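The residues making up each chain are set out below.
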Amino acid sequence: MINSGVPRKFSLSVGAVYFALFTLFMYLPIALLVIFSFNDSPTLTFPLSGFTLKWYQELWKNQELVTAVTNSLLVGILSSLVATALGTMAALGVIRFEFPGKTLFLSVAAMPLVIPAVVMGVAMLIVFARVGVPLTLWTVGIGHVIINAPYAMLIVAARLAGFEEHVEEAAMDLGADYWATLWRVTLPMSAPALAAAFLSSFTTSLDEFAVTFFLVGSDTTLPVYLYSQLRFPSRLPLVVTLAAIMMVLSVFIVIVVEKLRRMAS
Amino acid sequence: MATLTAQSVPETKATPAEKRRLLLLMGPPVLALLLFFLLPLGVMALYTFQTGTLGGEMSWSLETYGRFWENTALHRLLWRSTVVSFQTSLLCILLSYPIAYYLVFRAGDRRMTLLTLIIIPAWTSYLLRILAWKLILGTEGLLNTFLLWAGWVDEPSPILLFSKTAVIVTLVYVWVPFVALPIFAALERMDKRLLEAAADLGSPPWYSFLRVTLPLSMPGVLAGFLSVFIPTLGEYVTPLLVGGVNGIMYGNLIQDQFVRALNWPLGSLMSLVMLVALLPLFLLFRKSDQVLQ
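Residue numbers (my numbering), protein chains in the order written: chain P, 2 to 266; chain B, 233 to 525.
For the record, the hints were derived by calculation from the structure and aren't laboratory data. It is possible that part of the hints are untrue.
Claimed, not checked - Okay, derived cross-link-like pairs now, EDC-like style, lysine to aspartate or glutamate, Cα gap no bigger than 16 Å in a straight line: (1) B/K251 with P/E99; (2) P/K55 with P/D41; (3) B/K251 with P/D41.
Since we're looking at a predicted model, the values are computed, not measured.
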């Protein structure tokens with residue numbers, strides 16, 4: 002037991018109250034967006050003026066928005082598949098093999114996780130401009146792969162480090178070669194981690210703006226579209242409505258990812 | 233991350249087959265990292281030696297360096313951004329340390345669920361969370377409405393939005409969960425028996441906290457601090473949306489060089505300066521992260 006001199010009941014309640022306030026602080030802004038999406042007023046100000054579903058109805062009629070969502074889904078799915086594949090390969094190499102330069106590789110691979118987005122964005126922009134690659138959804142996708150692959154590697158590596166190598170050895174002893182073992186034993190056993198890596202890459206990609214901004218050219222993804230709308234006050238109710246949907250969706254995906262990660266470990 | 237390096241792999245000589253497997257596995261990720269991460273950074277570094285407009289005649293010179301050196305407004309902005317990032321990171325730590333402490337020492341078996349609860353908002357849209365703060369801090373926003381209603385102010389205060397404070401508040405909101413995580417991890421792996429030992433030796437709880445818990449949680453605090461400080465130093469989206477003229481940061485000026493001023497060499501140099509300044513911190517971050525795991 003931890004012997005806190007303060008009566009336990011007292012300290013518990015102070016901590017709990019602070020935790021409750023903090024949780025409120027985290028969720029209040031999100032709740033605000035959801036509330037405004039049902040507010041019957043073209044301006045997003047208090048006091049609220051009444052309940053409506055009209056913003057949700059208008060949302061479906063917006064062709065630009067549909068295009069942006071489609072683009073984001075395409076980029077999200079493709080780039081997350083590639084990021085998960087690359088991350089898994091790197092995780093297998095790093096966890097199961099010893100090789101010179103491993104520490105260096107891990108250090109460099111960790112950089113995209115924290116480096117300011119603006120640096121990554123402009124550096125890639127310069128190269129694409131110099132080589133003459135036009136800015137399209139493809140360049141955005143490449144950016145997203147570099148952002149997400151390191152994180153995918155960490156998720157899969159945590160899983161690989163978690164289970165016994167003996168299982169793989171047993172499969173090989175029974176005659177399976179390395180790649181068969183990988184395909185039939187290692188990867189299926191890592192399936193929840195692979196799914197978690199894919200989904201967290203996907204949510205990041207759907208939301209990525211700071212790097213995308215430099216690589217997108219004249220195409221739009223969902224965040225690029227959102228950003229362009231933020232400048233027009235008259236479009237804000239629609240943006241907020243979209244926000245409400247996206248917030249609820251991503252909360253749902255995050256809960257699934259968390260479940261998968263717990264299954265994995 | 234250190235789980236990766238600390239993994240014990242039997243010390244046997246790699247067979248040719250093993251080498252081939254390793255090459256097949258590591259080849260594509262290494263290539264992607266080289267081509268689309270290191271190469272761009274390298275080209276960006278080379279770009280700082282170029283002058284002339286994009287598409288036009290380019291020549292090699294140190295002109296951009298001279299211009300950066302003379303432009304003291306840039307230096308001041310870099311310093312101001314450093315202060316903003318520092319304040320943001322510090323506030324994140326002050327806010328999330330009690331949360332991590334509460335979860336590890338008081339929340340019992342529910343601590344993972346409660347941790348997930350406060351992490352979830354961090355995964356929702358970044359742009360939209362910034363937008364939400366616009367709605368809170370705006371002239372007719374939630375905060376002003378509340379202050380008026382409570383009678384604490386007589387008229388809406390317009391200074392809440394479009395200020396340095398607005399930038400810091402929004403950044404803290406966006407990043408605070410990422411700080412709670414490493415502090416939680418550090419406290420979680422601490423040997424709790426040390427506290428009993430300290431108590432048995434007559435140490436009052438506050439003294440045990442200062443001399444045992446706090447020092448042992450420092451790797452988490454450091455990792456949390458750096459995982460906010462490093463990325464926010466180049467932040468440009470939040471200042472653009474809630475900062476106004478008084479809240480602009482160094483990242484905004486970099487973005488400006490590429491979007492409006494079209495001075496790519498200067499923009500590259502500004503990025504490079506920031507990157508070089510951040511490099512020691514990045515290495516420190518790797519270290520603190522390794523200690524944690």
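So, going through the hints one by one against the coordinates:
1. B/K251 with P/E99: holds, 10 Å
2. P/K55 with P/D41: holds, 8 Å
3. B/K251 with P/D41: With Cα atoms ~65 Å apart, B/K251 and P/D41 exceed 16 Å; violated.
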